[in-house]
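Visitor: First to last, the protein sequences are chains A and B.
Quick note on my numbering: the first sequence kicks off at 546 and runs consecutively.
Quick note on my numbering: the second sequence kicks off at 546 and runs consecutively.
The set of hints was computed from the structure by calculation and includes no laboratory data.
Check the hints yourself; a few may be wrong.
Intra- or inter-copy, both count: the list cannot distinguish identical chains.
Distance condition first, Cα-Cα at most 20 Å in a straight line; then the derived EDC-like pairs of lysine to aspartate or glutamate [stated by the list, open to error]:
hint: 1; residue 1: Lys645; residue 2: Asp694
hint: 2; residue 1: Lys580; residue 2: Glu687
hint: 3; residue 1: Lys645; residue 2: Glu583
hint: 4; residue 1: Lys698; residue 2: Asp670
hint: 5; residue 1: Lys645; residue 2: Asp670
hint: 6; residue 1: Lys550; residue 2: Glu583
hint: 7; residue 1: Lys652; residue 2: Glu703
hint: 8; residue 1: Lys596; residue 2: Glu653
hint: 9; residue 1: Lys652; residue 2: Asp662
hint: 10; residue 1: Lys580; residue 2: Asp654
hint: 11; residue 1: Lys550; residue 2: Glu687
hint: 12; residue 1: Lys652; residue 2: Glu668
hint: 13; residue 1: Lys580; residue 2: Glu668
Protein chains: 2
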Amino acid sequence: MKKNKKPEDFMRLAIELSRQNVVNGGGPFAAVIVKDGEVVASGCNQVTTAKDPTAHAEVVAIRNACAALDDFQLHGCELYTSCEPCPMCLGAIYWARPEKVYYANSKEDAAAIDFDDQFIYEELDRPLSQRKLPMVRLLANEAIAAFRDWQNKSDKVEY
Amino acid sequence: MKKNKKPEDFMRLAIELSRQNVVNGGGPFAAVIVKDGEVVASGCNQVTTAKDPTAHAEVVAIRNACAALDDFQLHGCELYTSCEPCPMCLGAIYWARPEKVYYANSKEDAAAIDFDDQFIYEELDRPLSQRKLPMVRLLANEAIAAFRDWQNKSDKVEY
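Extracted from the complex, chain A is given alone in its bound form (with noise of 0.2 Å):
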């Protein structure tokens, strides 16, 4: 099944698409997935132009990507993305599960262009009470419910 391309053939893939969102009016990010040597589909970061802040280039291409596979998860695939992921996109990769992460341009190179999420790292790793943002819990006696339905729901899909 393997095709003759290596790793660095689908990386400037991602790479030229990431050249190309810029002039499209998008931010310099591109990502591909590969399955059995194949390109399945492929994301560019789209939070301007498509007015979406989750529509960074890995999370579009792992939706394209479920899309194209008709699956909820990339087990067996390959993403390549032109900068290291975010951790909404790292997030976003462990819950697709896809086998291998390749990557070019650091986040201290994604730092230096003003695209700093060194901030989030710090924030996640804080205690609520703690964070920047305010988190304030509320009604956990009556969300509890929902829980329990999914529990008690014997035809769920698990994931």
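Dock chain B against the given chain A, drawing on the hints supplied.
Guide: Chain B only, in chain A's frame:
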């Protein structure tokens, strides 16, 4: 502009949606986004129903709210989520920049019904070389061109 609704009212709506989502075949999670005392948008977990591993309640709600507000930021908004956000959703929340987050179930409650994001928190804290998910750097010398393109672009939309 403020209506007479209290935080508890919005959280009750999120809880109601989370329970309805279980009935509809999705995970037991929902979120509501509020601005000036009015509900702007909501979102339910659609991972398995939409076959999208990024479709957690908070991400769906953020996308819907940004579409409703025609903006890629949620300035002045509050996010009500039926469960403490996972690292992906927290990242999305930081990028979307709402003012405040209310949550009901805790991540410990979620772990008790096998939605365990502790593994992701731990992975994010590890140096790349020590993560269970292999992350390999490739072609950094070529990818940096996209960042130079971005720096040199005079009409870019920053975010």
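Visitor: Would you mind marking each hint as holding or not holding in the structure?
Guide: A quick look at each hint next to the structure:
no., hint, result
1, Lys645 - Asp694, "neither (35 Å within a copy, 28 Å between copies)"
2, Lys580 - Glu687, "neither (43 Å within a copy, 23 Å between copies)"
3, Lys645 - Glu583, "within (15 Å within a copy, 43 Å between copies)"
4, Lys698 - Asp670, "neither (34 Å within a copy, 35 Å between copies)"
5, Lys645 - Asp670, "between (25 Å within a copy, 18 Å between copies)"
6, Lys550 - Glu583, "within (8 Å within a copy, 53 Å between copies)"
7, Lys652 - Glu703, "between (33 Å within a copy, 17 Å between copies)"
8, Lys596 - Glu653, "neither (25 Å within a copy, 33 Å between copies)"
9, Lys652 - Asp662, "within (8 Å within a copy, 23 Å between copies)"
10, Lys580 - Asp654, "neither (28 Å within a copy, 35 Å between copies)"
11, Lys550 - Glu687, "between (54 Å within a copy, 18 Å between copies)"
12, Lys652 - Glu668, "both (16 Å within a copy, 16 Å between copies)"
13, Lys580 - Glu668, "neither (34 Å within a copy, 24 Å between copies)"
Checked against the numbered hints listed earlier, the structure breaks hints 1, 2, 4, 8, 10, 13; every other hint is satisfied.
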